[in-house]
Amino acid sequence: MTQIELRGVEKFFGEVQVIRNLDLFIDHNEFIVMLGPSGCGKTTTLRAIAGLETIDRGDILIDGKVVQHLKAADRDIAFVFQSFSLYPHMTVYENIAFPLRATRQSKAQVDLAVRQVAEILQITPLLSRRPSALSGGDMQRVAIGRALVRSPKALLMDEPIGALDAKLREEMRAEIKRLHMKQGSTTIYVTHDQVEAMSLADRVVIMHEGVLQQVGTPEEVYSRPANLFVAQFVGSPVMNIAEAHVAEEHGEARVRMAGAEQGFSFPRDLLGRLPAGSAGNGIALGIRPEGIAVEREPREGFLPVEARIIEPLGSHDIVDLQVGSQMLRARTKSGFVPRPGERVWARIDPVQAHFFDTQSGRSLGVRL
Amino acid sequence: MAAVRTSTERALNRLAIVCVLIVTLIFLAPIYWIASTAFKPRELATSVPPTVLFEPEITPFVKLFVRRSQLREPVAPEVYDEAPWWEKLVYDDGERLVRSGRTGEVQLSGYPDRFLNSLIVATISTILAVGMGTFTAYGFSRFKVKGESDLLFFILSTRMLPPIVVAIPMFLMYRAVGLNDTHAGLIILYTAFNLSFSVWLMKGFIDEIPREYEEAALVDGYTRMQAFFKIVLPEAATGIAATAVFCFITAWNEYAFALILTNREAQTAPPFIPSQVGSGLPDWTVIAAGTFLFLLPVAIFTFLLRNHLLRGMSFGAIRK
Ligand SMILES: Nc1ncnc2c1ncn2[C@@H]1O[C@H](COP(=O)(O)OP(=O)(O)OP(=O)(O)O)[C@@H](O)[C@H]1O
Ligand SMILES: [Mg+2]
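If you read the sequences in order, they're chains A and B.
Residue 148 in this note's numbering sits at position 148 of the first sequence, and the numbers go up by one each step.
Each number in this note's numbering comes from the position in the second sequence (counting from 1) with 368 added on.
For the record, the hints were derived by calculation from the structure and aren't laboratory data.
Idealized CB from N, CA, C, for every residue including glycine.
Heads up, some of the hints might be wrong.
Unchecked claim - Label-pair ranges, simulated between beta-carbon atoms: (1) B:Leu383 <-> A:Ser135: 38 to 46 Å; (2) A:Ser135 <-> B:Thr526: 42 to 50 Å; (3) B:Thr526 <-> A:Asp56: 54 to 62 Å; (4) B:Lys512 <-> A:Lys333: 18 to 26 Å; (5) B:Phe511 <-> A:Gly64: 30 to 38 Å; (6) B:Gly499 <-> A:Arg57: 34 to 42 Å; (7) B:Leu678 <-> A:Arg101: 42 to 50 Å; (8) A:Glu220 <-> B:Phe511: 36 to 44 Å; (9) A:Gly136 <-> B:Leu383: 39 to 47 Å; (10) B:Thr526 <-> A:Asp27: 31 to 39 Å; (11) A:Lys167 <-> B:Phe671: 45 to 53 Å; (12) A:Lys182 <-> B:Gly499: 20 to 28 Å; (13) A:Gly39 <-> B:Thr591: 57 to 65 Å; (14) A:Asp56 <-> B:Asn621: 31 to 39 Å.
Said to hold, decoys possible - Calculated cross-link-like contacts (lysine-lysine; reagent style DSS-like; alpha-carbon spacing at most 25 Å): (15) B:Lys512 <-> A:Lys107; (16) A:Lys65 <-> A:Lys107; (17) A:Lys107 <-> B:Lys598; (18) B:Lys598 <-> B:Lys512; (19) A:Lys153 <-> A:Lys65; (20) A:Lys182 <-> A:Lys167; (21) A:Lys71 <-> B:Lys456; (22) B:Lys598 <-> A:Lys71.
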């Protein structure tokens, strides 16, 4: 039961600003995933919360108390490092017991706690081994065990499974989720893998170049991205972003891609909902590949386009469509478009379309 | 991988082994020479060509530890029969023990004291140099130190001068502050001498230890001091062992300053052993015995730490 709050946190490394005016509130027992590309400041934020890094401005509060002047040891937070950092000169048992030895607990208490944690993580048979004799997944379990053993206020994990192979990552992901449901402690989990983020998070925090981009449930950041960065960072394959103009034609809205002769038809509603002036000046249209319908015959409301590249992915194909000067990637049944160069008909599903301001990149907040 | 070898590779491998053997023999020859001489009867020590097969005896070691003088005339048979076995060995060589006038106690030679001095000086200065070096290296490795590279260079620069260049000033300064012929004097000197080496070597080892180890301890409720002693020191054990061996050998073998700065009280074994050549016919077997015993502590120390050393030499390359 712990709340963590960041208020206007800023951090510089020399001249470089790594965290910019970061505000964040994390509720009791929430599982927060920080997601962002390499170098965006995720680790630095996490280390600042843990007390391993000082901050230059702002406040960090744990359960309403300002803690940025407290030493790491006094914050009662556990940290799982990407490298696991198990002590090579200690056995697994000693590694897990190590945090407890800093407290005034009796031998029996320590032993009980270690064995309980080992039981939960199913590493009891490994207790007498050295870390060097463990597999990656087991090291990971031990590292988590060491973090959980003293029931810390919060658990911080910095890409804890980033170093494992794909299959093991999937297993560990499920295990971490199970563990959180069982133990339910406030958790901040850093990753740059969006699948991990989506599957684990109660809420996702997306960062880019030290700036918070969006905070929301996985559903929210996927279906209502706050800006172009989030739109393109979340989801795979990446959302199409195309420059477009919106105009009225024959009583409906037409969204015309830059360089295209005809526009996709949209409900008339769109015109009124776009901020004044933005329609004519151009906007950025975002559409995920699954939001584009493709037909091989002309149909009402579909525009003729040319298929350029076909990527077969087994369960489905990704087809690159040339629309004016823009390239849109659409998802089709596998083998639906037989050859590149083929003429096909495409339609954008208005319900799945996103509209962004071309200048600021911000979402215009228009959903149909 | 090793199973698949071309015949050229195998030949090269053999050649390498032969070369290593030859080099090892060349290095071991003087040690064999000393060791064998230490067990030779006196007249065989200087025989030409050198005697290889002989009946080893421990007379040189007995003579090494006691004060002796030449027998003018043969001992009386009844005195000889009364004497313990080791005194007989001395009589056999035509010498007798020097006993103190009134009590008649056997007097020890200077060697045991010098040997002890060597042990005291080398051990304490090694502990100091490695200890201070480890702390200093940790500071440089883990904290932002203003002018870090300049300071490190400065520390190293103390080794850029042949030490003997400062021997005379050192002698004068030591005399002025009364450090001449004291253990403290030599300990300070050897510590200072080894410190730069120790700092640099330990910095290399500590840089290899991931910071996360300590940081994990810090978030787990330990102070930095505790993290240092519980995590960094055990992890650096290999490096500490390697550094300690080097520092110990340097201090143990140092000759020039020990010769200049000490004469009785604090004299170490290196300047003492050659001083026994003396005038007249030198007794090479006794000198060899002294040298042989002098080699042992370093050999034992190195042997005890051999596992650490082997890993230490690879400078953490295979740690993981
Ligand atoms: N100790 C440091 N000194 C100087 N710059 C640093 C330091 N630590 C991090 N940085 C810089 O701060 C920025 C943010 O680093 P951070 O480690 O927080 O990124 P990250 O989001 O965790 O990236 P990754 O996904 O690669 O782990 C990077 O540009 C990095 O180079
Ligand atoms: Mg990181």
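Tested hints:
1. B:Leu383 <-> A:Ser135: 38 to 46 Å: Between Leu383 of chain B and Ser135 of chain A, where Cβ atoms are some 42 Å apart, the hint holds.
2. A:Ser135 <-> B:Thr526: 42 to 50 Å: holds (48 Å)
3. B:Thr526 <-> A:Asp56: 54 to 62 Å: violated (38 Å)
4. B:Lys512 <-> A:Lys333: 18 to 26 Å: Violated, at about 59 Å.
5. B:Phe511 <-> A:Gly64: 30 to 38 Å: holds (32 Å)
6. B:Gly499 <-> A:Arg57: 34 to 42 Å: holds (40 Å)
7. B:Leu678 <-> A:Arg101: 42 to 50 Å: violated (31 Å)
8. A:Glu220 <-> B:Phe511: 36 to 44 Å: About 43 Å separates the Cβ atoms of Glu220 of chain A and Phe511 of chain B, which means 36 to 44 Å holds.
9. A:Gly136 <-> B:Leu383: 39 to 47 Å: holds (42 Å)
10. B:Thr526 <-> A:Asp27: 31 to 39 Å: Check failed, 58 Å falls outside 31 to 39 Å.
11. A:Lys167 <-> B:Phe671: 45 to 53 Å: holds (47 Å)
12. A:Lys182 <-> B:Gly499: 20 to 28 Å: Distance hint for Lys182 of chain A, Gly499 of chain B is violated at roughly 47 Å.
13. A:Gly39 <-> B:Thr591: 57 to 65 Å: violated (32 Å)
14. A:Asp56 <-> B:Asn621: 31 to 39 Å: violated (53 Å)
15. B:Lys512 <-> A:Lys107: Judged against 25 Å, a Cα distance of about 38 Å means the pair is violated.
16. A:Lys65 <-> A:Lys107: violated (32 Å)
17. A:Lys107 <-> B:Lys598: holds (18 Å)
18. B:Lys598 <-> B:Lys512: holds (22 Å)
19. A:Lys153 <-> A:Lys65: Status holds; Cα separation ~13 Å.
20. A:Lys182 <-> A:Lys167: Holds. Lys182 of chain A to Lys167 of chain A sits at ~23 Å (cutoff 25 Å).
21. A:Lys71 <-> B:Lys456: violated (73 Å)
22. B:Lys598 <-> A:Lys71: Roughly 18 Å between the alpha carbons, so the hint for Lys598 of chain B and Lys71 of chain A holds.
Violated hints for the displayed structure, listed by number in ascending order: 3, 4, 7, 10, 12, 13, 14, 15, 16 and 21.
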